[in-house]
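Protein chains: 2
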Amino acid sequence: MKRLNLTDSEPQPVLIVGSVAYDHIETPYASGERILGGSASYAALATSYYAPARLVGVVGYDFDQEHVDRFVGRGICIEGLQRDETGATFFWKGKYHENFNLRDTLEIQLNVFETFRPELPENYKDSPYLLLGNIAPELQLHVLDQVSETRPYVVADTIDLWINIQHEQLLQVIKNIDLLVINDSESELLTEESNIILAGQKLLDMGTRAAIIKKGEHGAYLFHPEGMFATPAYPVTELRDPTGAGDSFAGALLGYLAAHHNTSYDSIRRAMLYATATASMTVEDFSCDRLENAGVAAIEQRIEDLIKLTQLS
Amino acid sequence: MKRLNLTDSEPQPVLIVGSVAYDHIETPYASGERILGGSASYAALATSYYAPARLVGVVGYDFDQEHVDRFVGRGICIEGLQRDETGATFFWKGKYHENFNLRDTLEIQLNVFETFRPELPENYKDSPYLLLGNIAPELQLHVLDQVSETRPYVVADTIDLWINIQHEQLLQVIKNIDLLVINDSESELLTEESNIILAGQKLLDMGTRAAIIKKGEHGAYLFHPEGMFATPAYPVTELRDPTGAGDSFAGALLGYLAAHHNTSYDSIRRAMLYATATASMTVEDFSCDRLENAGVAAIEQRIEDLIKLTQLS
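Chain order of the listed sequences is A and B. In this text, residue positions in the first sequence follow this note's numbering: the first is 185, and each later residue adds one. In this text, residue positions in the second sequence follow this note's numbering: the first is 185, and each later residue adds one.
Just to be clear, a hint being listed does not mean it is correct.
Heads up, the list lumps identical chains together, so a pair's fine if it works in one copy or across two of them.
[Said to hold, decoys possible] Below, in silico cross-link-like pairs of lysine-lysine (BS3-like), each with a Cα-Cα straight-line distance of 27 Å or less: (1) Lys386 with Lys399; (2) Lys386 with Lys492; (3) Lys492 with Lys399; (4) Lys399 with Lys186; (5) Lys279 with Lys492; (6) Lys277 with Lys492; (7) Lys277 with Lys386; (8) Lys309 with Lys399; (9) Lys277 with Lys399; (10) Lys277 with Lys186; (11) Lys359 with Lys309; (12) Lys359 with Lys186; (13) Lys309 with Lys492.
In short, the hints are calculated from the structure, not lab data. Please read these numbers as outputs of a predicted model, since none were measured by experiment.
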């Protein structure tokens, strides 16, 4: 079984646009070289536990077929995964500090990502759910243009880089999405508000219909016109590499909504628990390895644990 | 109405032993001089919203009757509040940094606390609930000796100072209590374990029957033989002075258990939500002012908010 058995109806397809990358990760305890990374990779693998994922991204001449097979192995549609033979795959090198509280970017090589324009395959355009993973806001806008008629439910992520260098385009993205999912340091940078409650309200004022602020090991907060909702993180005892946790969270969250074809406040709240449990897999190993191989039963167990951890009986 | 109307049966009395103090608090935004402080003051006021509180502590010749009247005004029994005319009241001066993440102790004058031995009035000894607020572990042990026959349900708190200078006595306390309530930096110091889950397990290994690790604005974790439970903090937007939040949490928690006369895992989990809501009052103003004056309706509203924030419908 590839997917969680959540509902009798057929899960809706989720279109995922983002980066596919080679990462080089250093932590205080170990390191991983030329490992599969990128916002779309993590998100698509996470989504694949809930709904059909349709991937849009670009890789270079050096991208191993083995990784493409990993996507296919989890049922992810790769029709939108372009291969650009003129350059190498996007590369990121990062280093985590003690306790994983901080990380430094040591090296970025955009490579084929420098000229990438995400063009949606014709038969992707009817996707009722769209995840704009962390890429340049101008590219996110270009994707939104292509779905202006079908108007899917849109979740978007971003990082500090884009808040700093493509601020206007990012504000334009935020005005046109249903759910913004960012971490707490990014929300503080974007809203200039350190109190998470006030920051969340400001995000809604910017035009997104709802927002989730992720606090890493301290969980996540949902801000929605119908109310606020908070979840703690899943209590992980063996943290190996936090890279991709946020992308996995967003991918699982949207996958859950697509599986139920329901984007109500109640559905989003439940989706947060599933997303939290799913993302907890990602941090237990380098790259997408644990997320890819966890299996449905292990994820279901974590969801059950998380419900016991948070819900009164 | 002085108390929350939680149950048809009569709330059980809660014995609270700890410090009663004058504090001088400086924050980045304001300061408060010679304001009512101390672990027992906050805890007793918090308990008073749930159950009859019996206070044991000491004050000096300079302690204003006005503050005694505040305790009495909330129905707290002060028979165990000694006045030692030979010295001044315990004094603590502290300063909070930007964002309230760190605080420095600028001055401590033990005064009458230097020779204080908590002696329980005879008619306090049958109290079925006992809160050992933050005082020296040797004094906590002295209290435990006096209730060795009645064996109340015991909650204890401590701070880094005692972990460092009365380590053996503190371990002895932990072996003889039902619930240890400490914050995350203290639990890390005590267990030498930075992962909160592993730290919680180590606390149980030390002999306490259950433990709550408080993470300040990030909520609290319960570790219990029957499972783990996590609550976020109540989302406060106007933080003025965090002093006493932990004492208020412990006082409200034990008050809730005493009100229901039920110390089951399920009861403790519910108590955490009530304690979180009650403690959130404390941080909105200097000293015990907001906690004392909040009133039952405002606390009930916060509990309702917190249930909406955390519980799926």
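Q) Are there hints from earlier that the structure breaks, and if so, what are their numbers? A) 4, 5, 6, 7, 8, 10, 12, 13
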